[in-house]
Amino acid sequence: MATEKSVKETYYESIIKQGYNRRDFMKFATYIAAYMGLETSMIGQVAKSLENTFRIPVIWEHYQECTCCSESFIRSDHPIVSDIILDKISLDYTLTLMAASGHQAEAAKHATMEKYKGEYILCVEGSVPLGDDGNYCCIAGRSAKDLLLEAAEGAKAIIAWGSCASNGCVQAAYPNPTQATPIHKIIKNKPIIRVPGCPPIGEVMAGIIVHLITFGRLPELDGLGRPKAFYSKRVHDSCYRRPYYDAGLFAETFDDQNAKDGYCLYKVGCRGPMTYNSCGTIKWNNGVSYPIQSGHGCIGCSEEDFWDNGPFYERLTGLAGFGIESSADTIGKVAAGVVAGGLAVHAVAANISKRKELRSRTTRGKQNEKKLDS
Amino acid sequence: METRKFRRVYVWELPVRFFHWINALAVIILAITGFIIANPPAILSNKEASDFYWFGTVRFIHFATAYVFFFNMILRVYWSFVGNRFSSWRAFWPFSKKMWHNFLHVIKVDVFLANEKKPDIRDISIGHNSVAAFSYVILFLLALVQVFTGFGLYSSTASWWLPKMFSWVVPFLGGDFIVRTIHHTTTWLFILFTLIHVYLVFYHDWLEGRGEVSSMFGGYKFVCDERLKKLTEEEEMEEPVDEEAMEIIE
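Chains A and B, in that order, are what the protein sequence lines are.
Numbering-wise, this note's numbering puts 32 at position 32 of the first sequence, and it's gapless, one number per residue.
Numbering-wise, this note's numbering puts 97 at position 97 of the second sequence, and it's gapless, one number per residue.
Check the hints yourself; a few may be wrong.
Dumping the calculated DSS-like pairs for lysine-lysine here, alpha-carbon to alpha-carbon at most 27 Å [claimed, not checked]:
#	chain 1	residue 1	chain 2	residue 2
1	A	Lys354	B	Lys47
2	A	Lys233	A	Lys115
3	B	Lys108	A	Lys356
4	A	Lys233	B	Lys108
5	A	Lys354	B	Lys108
6	A	Lys370	B	Lys5
7	B	Lys117	A	Lys354
8	A	Lys333	A	Lys356
9	A	Lys366	B	Lys164
10	A	Lys267	B	Lys47
Derived Cβ-Cβ restraints for the label pairs, each shown as a range [what the hints assert, rightly or not]:
#	chain 1	residue 1	chain 2	residue 2	range
11	A	Ile352	B	Asn39	15 to 21 Å
12	A	Gly223	B	Leu14	39 to 45 Å
13	A	Ala340	B	Leu104	24 to 30 Å
14	B	Ser135	A	Thr40	58 to 64 Å
15	A	Ser294	B	Phe140	22 to 28 Å
16	A	Gly223	B	Ile121	20 to 26 Å
17	B	Pro94	A	Asp256	28 to 34 Å
18	A	Arg142	B	Tyr136	34 to 40 Å
19	A	Leu149	B	Ser135	48 to 54 Å
20	A	Ser294	B	Ala38	52 to 58 Å
Think of the hints as simulated: they come from the structure by calculation, not from any bench.
All C-beta atoms, glycine included, are put in the ideal place defined by N, C-alpha and C.
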């Protein structure tokens, strides 16, 4: 892990020291610039920033989570990506990967927090339970909320890694027994980058960190605080099966011929059309595949409440408050039936109740008919 | 024996009628294409995607009709400022004593089917009755919900500024999923409205015999002579005969 001395190195220096040559470094700069959605003319700026910027200290907190974000992170496919992130960004505190433990670990964190007050980046993986005084998640004898407030105090910016920190993920699913709460609902006075996904794509995570380093400011964010470079398009919009969607060719079940032919998974519950992520372009595991390519619909893991919007294999899902299995259509059909029945009853009742009026009207009409002259 | 005269009164102006039918057609097309988009029919085919584009076409029709629906709605709002008293926004403003009186009357007589001992012809509305007007206000709000959620969902793939103006809707409501659910559910409310609306039009036509149904085609309704200002004899002579309907009351 980073020592006080290494913090003063620039990124470039530490990369070279690690045994990479300049060519590797330039490849990395090109590669990450492409992921960040930058033009080729910007590669020079990325390289220059990495050469000249001193490494930013990072505190990486783990709360209610499964560490899949870290797992995804260390598997981002360019070797320098993992190196830069894990060794070079001076990750001063991360429970999972740091060598120190116990009191030493906590001491290292506090040292960074004091020394780099207002400069360090706080990465948060996991949501914070607010129920029962935060007792559902305690580290070093203190509650997650307590730790988060302390760490956020001196942070320059906060990155909320993954769906847990961004919108609560599985543990915030109904009925949310621990009151798992995403970071932006607790910390209001710091810039927060939300990087949803369960986990987020490793290259996306690296791209965001490099953006922070290169430009010294947050990437452009959308209305939900997600970096636009990675979350402005739906998975559906970049899906290679999209032509089947437009052609109206859908798999009806997972074992029919259409599914085997690679048709669109829309009707078996694919959440691609409602999920903003870059799985369709960056993909996973060194760009090998992503869920839809493997024949399974997207479950929308980077969307808020994706767990409650189940079942994953149905297009229309239950409406809250109407029972689990009742979709909008079922309720609609029943309501339309009830209304139609009610109207029929009303029509009969109207003819009975207003019979005098109607009878006199009919009589008058008939009388007038007899008086017709021509 | 007493004779009650009815006179043809121009109630629904041409733009109002155009609005009504364009709107009705748009809602029908939107609902049908919407349900197809939500749950497309199964097609088993060994053809390639390049041979078809029908689902894209259905979506195109949905989006194009959405624009028609939206602009039609804007024109109707405009007309509520320049049109006659029956199409004016005032006819939909529910906060006057007269409106409330009529509202309670309609609830009592037309919904709960009570019979009045001495019916007052002034209780019969010439344009919208208060309950109907209120239902159109609700429908207008539902239409806004559809416009906001619909364009909100559409905005991320649009390049025009108009749908882009709605790009805040999805983040505001929390994500595409909930927005789609709202959009889909509101369609059902439109269907429920249509059922009740069409029934009540027939109901009023059947019971009151003033041309409720045909008024939305020709624009005229028959109104009791007593409710019109007294005409001078000269004017009376000029009045063409076919403008009147007669009814003999015992």
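Hint check results:
no.: 1; hint: A/Lys354 <-> B/Lys47; result: 61 Å, violated
no.: 2; hint: A/Lys233 <-> A/Lys115; result: 40 Å, violated
no.: 3; hint: B/Lys108 <-> A/Lys356; result: 17 Å, holds
no.: 4; hint: A/Lys233 <-> B/Lys108; result: 53 Å, violated
no.: 5; hint: A/Lys354 <-> B/Lys108; result: 13 Å, holds
no.: 6; hint: A/Lys370 <-> B/Lys5; result: 18 Å, holds
no.: 7; hint: B/Lys117 <-> A/Lys354; result: 12 Å, holds
no.: 8; hint: A/Lys333 <-> A/Lys356; result: 36 Å, violated
no.: 9; hint: A/Lys366 <-> B/Lys164; result: 61 Å, violated
no.: 10; hint: A/Lys267 <-> B/Lys47; result: 18 Å, holds
no.: 11; hint: A/Ile352 <-> B/Asn39: 15 to 21 Å; result: 41 Å, violated
no.: 12; hint: A/Gly223 <-> B/Leu14: 39 to 45 Å; result: 42 Å, holds
no.: 13; hint: A/Ala340 <-> B/Leu104: 24 to 30 Å; result: 26 Å, holds
no.: 14; hint: B/Ser135 <-> A/Thr40: 58 to 64 Å; result: 59 Å, holds
no.: 15; hint: A/Ser294 <-> B/Phe140: 22 to 28 Å; result: 47 Å, violated
no.: 16; hint: A/Gly223 <-> B/Ile121: 20 to 26 Å; result: 56 Å, violated
no.: 17; hint: B/Pro94 <-> A/Asp256: 28 to 34 Å; result: 54 Å, violated
no.: 18; hint: A/Arg142 <-> B/Tyr136: 34 to 40 Å; result: 59 Å, violated
no.: 19; hint: A/Leu149 <-> B/Ser135: 48 to 54 Å; result: 51 Å, holds
no.: 20; hint: A/Ser294 <-> B/Ala38: 52 to 58 Å; result: 26 Å, violated
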